[in-house]
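Residue numbers (my numbering), protein chains in the order written: chain R, 584 to 905; chain E, 584 to 905; chain A, 584 to 905; chain Z, 584 to 905; chain V, 584 to 905.
Hints listed in this document are in silico derivations from the structure and should not be mistaken for laboratory results. Be a bit skeptical, because a hint or two may be false.
Simulated restraints on C-beta separations [what the hints assert, rightly or not]:
#, chain 1, residue 1, chain 2, residue 2, range
1, V, V889, R, W882, 25 to 31 Å
2, R, H647, V, R800, 24 to 30 Å
3, A, D673, R, R793, 55 to 61 Å
4, Z, D676, R, H647, 53 to 59 Å
5, A, D742, Z, D676, 15 to 21 Å
6, R, R793, V, L791, 51 to 57 Å
7, Z, E643, R, R793, 29 to 35 Å
8, A, R800, Z, Q650, 25 to 31 Å
9, A, D742, V, D676, 56 to 62 Å
10, E, G788, Z, D750, 49 to 55 Å
11, V, R800, R, R793, 44 to 50 Å
For every residue, glycine included, the Cβ atom is placed at its ideal position computed from N, Cα and C.
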Amino acid sequence: MDRTRLYRNGVLEAEGFPIDDVSEHVGDTSAVVWFDLCSPTQADLAKISEELGLHPLAVEDAIHSQQRPKLDTYDSHLFITVYATRLAEDELDFIEISIFMTRNALVTVRESSEFDIDEVIRRWDANADMAKFGAPYLLHALLDHIVDGHFEVLQVVDDRVEELEDDLFQNNSRDMQHVQRRTFDTHKKLVRLRRLAVPTREVVGSLLRRGEDIMDRGLTPYYQDVYDHTLRTAEWSESLRDLVGNIREAQVNQQGFRLNDIMKKITSWAAIIAVPTMITGFYGQNVPYPGFGQPVGFWVSTALIVVGTILLYRAFQKRNWL
Amino acid sequence: MDRTRLYRNGVLEAEGFPIDDVSEHVGDTSAVVWFDLCSPTQADLAKISEELGLHPLAVEDAIHSQQRPKLDTYDSHLFITVYATRLAEDELDFIEISIFMTRNALVTVRESSEFDIDEVIRRWDANADMAKFGAPYLLHALLDHIVDGHFEVLQVVDDRVEELEDDLFQNNSRDMQHVQRRTFDTHKKLVRLRRLAVPTREVVGSLLRRGEDIMDRGLTPYYQDVYDHTLRTAEWSESLRDLVGNIREAQVNQQGFRLNDIMKKITSWAAIIAVPTMITGFYGQNVPYPGFGQPVGFWVSTALIVVGTILLYRAFQKRNWL
Amino acid sequence: MDRTRLYRNGVLEAEGFPIDDVSEHVGDTSAVVWFDLCSPTQADLAKISEELGLHPLAVEDAIHSQQRPKLDTYDSHLFITVYATRLAEDELDFIEISIFMTRNALVTVRESSEFDIDEVIRRWDANADMAKFGAPYLLHALLDHIVDGHFEVLQVVDDRVEELEDDLFQNNSRDMQHVQRRTFDTHKKLVRLRRLAVPTREVVGSLLRRGEDIMDRGLTPYYQDVYDHTLRTAEWSESLRDLVGNIREAQVNQQGFRLNDIMKKITSWAAIIAVPTMITGFYGQNVPYPGFGQPVGFWVSTALIVVGTILLYRAFQKRNWL
Amino acid sequence: MDRTRLYRNGVLEAEGFPIDDVSEHVGDTSAVVWFDLCSPTQADLAKISEELGLHPLAVEDAIHSQQRPKLDTYDSHLFITVYATRLAEDELDFIEISIFMTRNALVTVRESSEFDIDEVIRRWDANADMAKFGAPYLLHALLDHIVDGHFEVLQVVDDRVEELEDDLFQNNSRDMQHVQRRTFDTHKKLVRLRRLAVPTREVVGSLLRRGEDIMDRGLTPYYQDVYDHTLRTAEWSESLRDLVGNIREAQVNQQGFRLNDIMKKITSWAAIIAVPTMITGFYGQNVPYPGFGQPVGFWVSTALIVVGTILLYRAFQKRNWL
Amino acid sequence: MDRTRLYRNGVLEAEGFPIDDVSEHVGDTSAVVWFDLCSPTQADLAKISEELGLHPLAVEDAIHSQQRPKLDTYDSHLFITVYATRLAEDELDFIEISIFMTRNALVTVRESSEFDIDEVIRRWDANADMAKFGAPYLLHALLDHIVDGHFEVLQVVDDRVEELEDDLFQNNSRDMQHVQRRTFDTHKKLVRLRRLAVPTREVVGSLLRRGEDIMDRGLTPYYQDVYDHTLRTAEWSESLRDLVGNIREAQVNQQGFRLNDIMKKITSWAAIIAVPTMITGFYGQNVPYPGFGQPVGFWVSTALIVVGTILLYRAFQKRNWL
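Modelling step: build the complete structure from the supplied sequences, incorporating the hints.
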């Protein structure tokens, strides 16, 4: 499945040749080669690493998952780690992409096949005229695709936050717990995005700062564009965190409000029920109270119950306790 | 509806000519042209973009809503995105305004017709003598109008926050939930302003920093003035967030206070009601207690009920539980 | 009421002359003039502004209240806005003071007559020998007075915070709501101070940074001294915010504690009252239980009530629930 | 009680001479003099200030308590304010120490005699060979002693925080309120330390940055050492604030937990008590229910009470509500 | 137990020789020596310190535990303090490691034997070819091992946080208190890691910044690698704090939800129980109500009880209160 490409003077010359043919092309400075490795073993990487003179530390990082977006500069090449995102059935997955870039070669190492490298190839072909910018252009399209992926996730999270906001002032308690669970989960997703997606900003910013050392001047606006997107990712996720915080505080306030409401209802009904209890208690005494054992006692007792209950009910209703 | 203007040597020479006449004026360096496009299609922009040599990335950003105030510098022009605000029936809308500024042309692209470009034109005409500063002056009046719009929204939010503060220590519970909902909504508005209005500060600050590269020295104080306003927007919205936080914390404290209050009332009334219940329970026993079946039992029972109830009521009232 | 002064070579030469005499003195570089305007109209400022060559933007800011401490530098003069504070009957007012300073003139524009300019004059006269430093000295005394005013307000707020701390662990619930209201109000005052008093720091710091461009070297320590005071204002108000936060969290904890306490009391008393209710209920049954209709029933019932109640009461007391 | 010392060529030559002898020694550049003043009046400082040429603003600051650690640089001398700490009976006191340092003189002004200057003298004598570094060395030992004092206070606060943590999950409610009060008090102490002890860091850092302008190169590591201690003070107090926050949040959670727990207990017992009440209520009716007035009624009623009570008790115990 | 090593030209030449033989090797610039001291006394360090010319302040810091990761630069050597971590039975221990590094010597001082220095030796031997980089290489392996230790602890904390998240929405209340205790404890661990493990970042970063002054260029990527790990430690622990905060807020929400839930249940059952109480109270009156003393009274009473109870039960169930 590993993919390869060879560009010469900005034109795609060969594609899909075996990685073992690396040596033929690497020495040729007029050519730009690309190799893609999907979850490679140490042995897989050994050959390319030797041909391209990759630093053993970078190679080791590419094999072992290491969970931090970064840009390392070695004498003969750059080493980049970024994280692509994938939302599958509400689970947020991060796929580590390690990249080696030399003057005329780009090596991409994907942690798993779940990252859709074909989409990157489609982007390359859609702007084939830009292939003249060489490896930095290939890298640009890859980073652009990854950052677009972060956006898609943020869009889903944003929609979720809006749903939570809509549910917030509903009075159904089943929904309440659901809202809490979703709020918790949304916050968690944002924490993870902040750790693995947002720092892509520093990686791109740092590529941009090197400017013409590593890329043609005509590419700068394109990298600036990706950089803008990473800034937006950062601002957007910060903004969403703030909204989630807003939801949480509103939840706490809501619960306090509801508790007070319930307490008032309990109090009201307890008072209303206390009326007949008190009166029948009185008429249940074994002492000759007025009306003891006489029909008039029954009528008075019943009248007191009915009237007392109604009066209390109205009083509470007036104070909005019921 | 698209508006156009042509200034020559600081004097308005033509206005309302078709956008297709662009080419005639663009080459003329003694003239300053302005074009306004309202939610244009790709095709609409294509011509101008070609005439003025606008970068395709900037053109694409102008067409697609992209939600981030920014200033991009291209070789031959600046590209600015800012957001105008509109409060309609308590809904806060943002209208994206994209701006291209070359040496002698200003192109404004409005996302929707809800942004009142006529007001900007009125401002231009009110200070017609400043038209001698060219495109940067036109830009200034536009930014000034947009920032004034942010102020108007903040003023409304500020009034709202004061209302919330006034309602806070009212004891009416219906208002309580209303206050919570409004607090939530106000916080949300502030989060959005922080994301789309406050960063206008960086855009203006960045224009100011370039100084004489892009504008006449005499314009500097005017840009400084807009910059001051954007700083005030930032400080004001920060201050409002703080006040909303203050309101929220006070709400939580208030609810705690009220809950305690209600609990004390419940306890007091339950205790008061327990007195007759206990006594009539005693006199309801089928055992020959003192006064069983005798009038004296009735009088003692009734006396105990009345005295006990009054004593308890007074005791609770003294402790402020009722 | 508008005040004026003319210093020549560090000596007060004239005072109280009409503002219309401005032109006579302004051209004289050996003299330093001061004009004070209290809530002037546009017309009032027009003359001075023309004589001193003030920038129209600055003049406009001086007339319209604009709510932001700042220092603007124009070609021929500095424009400063600061806010004096006044606590009247627990209401915190801010009075905008706009200042124009040229090489040899100082113009102060007060928003209202509530700012006591006479106290500033007293300070000038108390250190008459420093008048040799010209306009920057006059400005120094004014800023010093304003910052001292901020201190007085902070001292009052500090005392208030200490009162709140003392009241915090009192058990009287009426005080509780009072404490909440005061806490809310104190926080609000601090937010406003932070917005309008604390940024005086940047204004003074910025004057200090220009150093010998605008003031004699001998004045530097005096400006440094005011700057130290503004730093202290900032630190103090930050510290007070922290203490208010501490009070608020303690309040929440206290309320939680009290609610638990009340719940325990309710539970205890409910349990104690349940004892006689249960027993008299038993003895009220119309079935021949042991002692039914016999004196022994009464004695047993009464004994059970007394003993049960006492035992429960002691048990709860031991667990500190009562 | 005021102490004085005269070092010549790093050797202590005289000590305890009257402050009035200042003039003899100050002019002698081969000597280093030290004067200590404890809560001096303006007059006390006047002479020294004249001899050493101290700036009147610094002298004024030394007399009036001013609550801010700082380092001011004047032409001929440095002026330093720092705060020594003292914990007496759980009260945290701060003692202001003002210091003037010229090339060959050190003047220390203590706000009160509670700061133990003798301990500083002991430190000087313990490292007598370092006296060759002159006034900066004397200053170093003083600052070192003051920062050590901050450490002692932090150690006590740290112990207190650990006690609070240990008490946190105890179930005794009296302790609960105690814990809250202590938490509040600890937070308050940390706020004050942050304001008056932590900024000593900036004072020492600023001395260090001037380096060889004011001190011999051999002293640098010693100042670096004090600086490290001030950094540790800052980090430690920050860490303690964090732990206090942790305790507070745990308290809130704990109270919520306990409240739920109490509510469950109340509910359970109320339900259990409701069983006999309901049954005896039934058997108390004046209608010929099965067993009315017959021994079988008594047995059935009693059996229902006992069985019902036991069943409910077990059910609640199983659900952990009791 | 103290270990020693002597490398010459990158080759291990001697090992385990007595520390007293130091002098023989220290003068030899072609050799690199390593000494390890485990909780040494002042006397133990005196000799080495004299031979290598270590600064007395650094030596003192190495002996006294001082609780702050730092890098001090002295004329002839670097002094480093870092903290190794150890999790034993859920207790987080920190072991202070002090390091002196001169051009050709490395001295490690361990606070306790619990830090496994043998593992560091194993690392040295595993990459024996790198010994040619001298003392900085030895230091690298040591720091790498310590930072790996921090990772292991963070991994355990991370697992713990996931467990807490899983338990969060369980309804078992025993677990609730357990979750609270664990949350508290996890937060505490993170605070301590932040204070003693995270600042290792500054130490390594500062070594890296000195670059070729202290290490061979070939070592830079290796130090960069450790630095990346320390950055990850910082980001990871920050991220975990955030997740713990998320858990805490969810707990508060959950408790509020459960309290409301319990209150509804209590209310419902109290209402249901009130039905028979009220009815049997009525039929227990000693007045001739319809059915008094007649079988029909019994049937009506019983019917009312059964129907009333069922109706209420269904009503509450429909509203989700049961």
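Structure-based check of each hint:
1. For the pair V889 of chain V and W882 of chain R, the beta carbons lie near 27 Å from each other, so the given range of 25 to 31 Å is met.
2. In this structure the hint that H647 of chain R and R800 of chain V lie 24 to 30 Å apart at CB holds, the actual value being about 25 Å.
3. Taken as a hint, the range 55 to 61 Å holds for the pair D673 of chain A and R793 of chain R, whose Cβ atoms sit roughly 59 Å apart.
4. Remark: the range hint 53 to 59 Å for D676 of chain Z to H647 of chain R is upheld by a beta-carbon distance near 56 Å.
5. Between D742 of chain A and D676 of chain Z the beta carbon distance is about 19 Å. The supplied range of 15 to 21 Å therefore holds.
6. A beta carbon spacing of about 19 Å between R793 of chain R and L791 of chain V contradicts the range 51 to 57 Å that was offered as a hint.
7. The supplied range of 29 to 35 Å is broken by E643 of chain Z and R793 of chain R, whose beta-carbon atoms lie about 55 Å from each other.
8. The beta-carbon spacing between R800 of chain A and Q650 of chain Z, approximately 28 Å, falls within the hinted interval of 25 to 31 Å.
9. Separated by about 46 Å at the C-beta atoms, D742 of chain A and D676 of chain V break the suggested range of 56 to 62 Å.
10. Judged by the Cβ atoms, the range 49 to 55 Å given for G788 of chain E and D750 of chain Z holds: they are separated by roughly 52 Å.
11. Our hint of 44 to 50 Å for R800 of chain V and R793 of chain R is violated, since their Cβ atoms are close to 20 Å apart.
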